[in-house]
Amino acid sequence: MAKGISDIIGDIAETAARGAQNPMAEMAGSVRDMEELLATLSETDPGAAERLAPMLEQATAMNGMMEKIVAAEAAGDTEAMLALSQDFAAVADVPGYEPETDPEYNALSDALDGDDDAAVAAVLDGLGNLNRHLGQYDQTPLGMALSAPGRTAARVGLFLDRGARAEFATSEGYTPLHNIGDYMWTGDTPDTADELAAIVATLVAAGAEIEARTHWGWTPLVRAAVEGSALEMRALLAAGADPNAWVGEEGPCVTGGKSLLMLAAAEPEKVALLLDHGADVAASGIESYIAQELAGEDPDGYTPYWDGLRASQSLIDGARRQ
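Numbering-wise, the numbering used here puts 222 at position 239 of the sequence shown, and it's gapless, one number per residue.
Misleading hints may appear alongside valid ones.
[To be verified] Just the calculated beta-carbon pair ranges, DEER-fashion: (1) Gly140 to Leu277: 45 to 53 Å; (2) Gly156 to Ala22: 23 to 31 Å; (3) Glu270 to Gly140: 37 to 45 Å.
Hints listed in this document are in silico derivations from the structure and should not be mistaken for laboratory results. From the three backbone atoms N, C-alpha and C, an ideal C-beta is built for every residue, glycine too.
Produce the entire structure from the sequences given, and follow the hints as far as they go.
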């Protein structure tokens, strides 16, 4: 599962509310993310998938409308553009979402999106205290930098040099390290292994807690396993993240009461990383978990999910034989 539903809804709503550089690509990407999430949930939590299905329908409709708006603009049909835009605005009224109104949040967000460290530094100097929450979701300034395009260790240094604390968390417990696994810009400004490793090392050296827990009991590595990439996991594991962490029952149904190996079970690249860094197969419950999932395989279901489980099972079998 590449992203959680709250992240996907936020991406869709932001695309609808602001002038994105490439709105078509962003909206299409969000629709694909939601399709992937619902496909997985249909196998693991059918009730949740049923409840979220209307959101996918809404996102798909928005994507189709955006395609028509772009076509109308290319054809010079102003009247059609106006009518379609009004329809889009109505459909894009995502329940529970309100555009961000905090001017300090928006100033920092705009500077980070512009990928200009001088502009970022100027905004930071204007903000003063960086150990506070910004925006309606109580984001931290340093956390925002780690979810923005083009993140670098040098940019992290801009925040730390101005007094930002590497361990300062949101009201739900998300530290800057948790935002390592919250990066949607892989197609535009992808991370490199060296840069990610440098970012994580910089944060840890500045006092970030590698095993910090959110309100859901997620460590930074758990978030990267559930919503992020293998590259992000590799950087956190190299910095000492525990490959044997479990999520307590306080987590959502998709992650609650599961080990990291269980959470990554359908993504063999992530499973291989955890095994390479000392994940305990016997203690993880991964073997019985995969067996239970495969016992309920639906031949008409989401094929990559089942294929991923089988590939991970082969990795587990190989680890057992060593």
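Problem set entry | Structure versus earlier hints, numbers of those that do not hold, lowest first | Violated: none.
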